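Number of protein chains: 2
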Amino acid sequence: MRGAPAIGVAGAYAVALGGLNARATARDDFLKEVSDIISVIAGTRPTARNLFHALERMRRAADIDGDVAGIKAALVEEAVRIHEEEAGATLELSEHGAALIPGGSKVLTHCNTGPLATTGYGTALGVIMRASETGKDIKVFATETRPLLQGARLTAWELKKAGIPVTLITDSMAGYFMAKWEIDCVIVGADRIAANGDTANKIGTYSLAVLAHEHGIPFYVAAPTTTIDPSLATGADIPIEQRQPEEVTHIQGVCIAPDCEVANPAFDVTPCRYITAIITEKGIVKPPYGEWG
Amino acid sequence: MRGAPAIGVAGAYAVALGGLNARATARDDFLKEVSDIISVIAGTRPTARNLFHALERMRRAADIDGDVAGIKAALVEEAVRIHEEEAGATLELSEHGAALIPGGSKVLTHCNTGPLATTGYGTALGVIMRASETGKDIKVFATETRPLLQGARLTAWELKKAGIPVTLITDSMAGYFMAKWEIDCVIVGADRIAANGDTANKIGTYSLAVLAHEHGIPFYVAAPTTTIDPSLATGADIPIEQRQPEEVTHIQGVCIAPDCEVANPAFDVTPCRYITAIITEKGIVKPPYGEWG
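Sequence order for the protein chains is D and U.
Each residue of the first sequence is one higher than the one before, counting from 1 in this note's numbering.
Each residue of the second sequence is one higher than the one before, counting from 1001 in this note's numbering.
It should be emphasised that the hints constitute simulated quantities derived from the structure, not laboratory data.
From a predicted model like this one, the values you see are computed outputs, not experimental measurements.
The reader is advised that the hints may include incorrect statements.
What the hints assert, rightly or not - For each label pair, taking beta carbons as the anchor points, the in silico distance ranges come out as:
id : chain 1 : residue 1 : chain 2 : residue 2 : range
1  : D       : Val254    : U       : Ala1236   : 35 to 43 Å
2  : D       : Lys282    : U       : Gly1216   : 34 to 42 Å
3  : U       : Gly1216   : D       : Val40     : 41 to 49 Å
4  : U       : Thr1025   : D       : Glu261    : 56 to 64 Å
5  : U       : Val1254   : D       : Glu85     : 37 to 45 Å
6  : D       : Ser231    : U       : Asp1237   : 50 to 58 Å
Unchecked claim - Here's a subset of chain D near chain U, in silico, CB distances under 10 Å, partners left out:
id : residue
7  : Glu144
8  : Trp157
9  : Pro165
10 : Met178
11 : Pro245
12 : Gln252
13 : Val254
14 : Asp259
Ideal placement from N, C-alpha and C gives every residue a C-beta, glycine not left out.
Required output: the full structure, derived from the provided sequences and hints.
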């Protein structure tokens, strides 16, 4: 399971499923078990905001009068509601974002942000697909997104399936194509957005934002409001998941490096000054960010 | 065979070997055969200047009075001389460059530029190794360098062998570490340098230069003067080799992408304004470039 919105929805369903399978029959014991389940799930991934947002909703959903059966039903209902709302939000934000993309645009995107990552229509990829659906001639550059190659394995596949022309490139080629004026805008998803608009997203996003800035190319972030973390003033406090070295040294089981020290931060933070606009289901927000409507 | 200086040396030896094995016995026929060999070798790789520089020298070496046996000997001598001069140049430039790197530096490098790529001491990696040899505490971030992973497969290995601490990262992580102020300078090799200092080097170099510029981090290019092409006023006319899509879609035989359009430029051009200094065997040249001594 990956993609911040999908992780949030999956987390909610995991709590509902855990509740349905709980052994406790007394209300207090059951609530303790649900709380423990939520803690375990909260500990799985540190960066994406959507998971914590969903878990907070599930915790509140459990906090009702009634017996265990009633709370179980409430948890299932809430998980379904989170799923539906998240899917709806991606459709709405895709509609808003599509209006920003002129016909004939060549759009660069990073990582995977389509239906596979969102349980809905998609975020950055949703915007691209919606723009294409409305009849605009859109071409996409998809970065392969090392180390886990979500761009190559998922985004290129989803775009091909949608019939949208896609050119796969390595992450290192983005600057080359920007310098040749072959990229009209960049659009990416988000894992967590601080109150000021600083955005954590897949590693490499920050480099793309700096490059876009240097070339005067608009850089858009597309995410549902569940990705926004108003408790963080800036991105400096967003925890960045550090993952296993094997994701860098091995590609689908094939070893590509000697036994050496490896760094593998899974995300980076793009300061808000590099972000032209953030697209949510509530509309398009331009800097200064902070008023999320 | 890869690495601009190594390609030049290999090209020279290929001409010498072709000459030794030539069928022609008459002088004019022999010279025609050597000329054809040079043309074939010149057609193998378009970007690196060193190859053309070496081939021009071999062409001149053949242009002497004397019989076929004499010209054959002259070709072998010239190839050996090119090899020795290129190896010597990398040692000298490494010495010059090492003086630029303060002790305690964390240095980012891209692709592979050590002995494996240069038949000598190395260019960017030579500078790093020389700085380390002189007792400076140097740590290196090596980008894996997609698509062909020369950084992971060769640079990490060469640094480990030399006992220099190295951290392997994906190309997309450079910005993350610069933003954390964990990189003190960037040093790369070159495939061709125009008269104004614009530098063609492995794809991804330009992105690193823009990132270094944005963070106020010095960005050095290390190359022998055989990499300089004074016939080109700027980098705009440097031909960029476009390579097979399979280098992007397959990693050591493993398919990582659907059947889709792929771009695979092997090099990019970094405008001279992003380059803090160019290090050659003749010394350190700062902008404005053009006076190569």
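To see whether the hints hold, each was checked on the structure:
For D:Val254 and U:Ala1236, the Cβ-Cβ distance of about 38 Å falls inside the hinted range of 35 to 43 Å, so the restraint holds. In this structure the hint that D:Lys282 and U:Gly1216 lie 34 to 42 Å apart at CB holds, the actual value being about 37 Å. Between U:Gly1216 and D:Val40 the CB atoms are about 44 Å apart, so this pair conforms to the stated range of 41 to 49 Å. Checked against the hint of 56 to 64 Å, the pair U:Thr1025 and D:Glu261 passes, with Cβ atoms roughly 59 Å apart.
Between U:Val1254 and D:Glu85, the C-beta spacing of about 39 Å keeps the proposed range 37 to 45 Å intact. In this structure the hint that D:Ser231 and U:Asp1237 lie 50 to 58 Å apart at CB holds, the actual value being about 53 Å. Given hint, D:Glu144 at the interface with chain U, holds; its Cβ is 7 Å from that chain's nearest Cβ, closer than 10 Å. Look at D:Trp157: its Cβ gets to within about 5 Å of chain U, closer than 10 Å, so that hint holds up.
The criterion of a C-beta within 10 Å of any C-beta in chain U is met by D:Pro165, whose closest approach is roughly 7 Å, and the hint holds. Restraint check, D:Met178 versus chain U: the minimum CB separation of about 9 Å is within 10 Å; hint holds. Checking D:Pro245 against chain U: minimum C-beta separation of about 8 Å stays under 10 Å; hint holds. Interface hint status for D:Gln252: upheld, as the beta-carbon distance to the closest one in chain U is roughly 5 Å, under 10 Å.
Checking D:Val254 against chain U by beta carbon gives a least distance of about 5 Å; that is within 10 Å, so the hint holds. Using the Cβ-Cβ criterion of 10 Å, the hint placing D:Asp259 at the interface with chain U is satisfied: the shortest such distance is roughly 8 Å.
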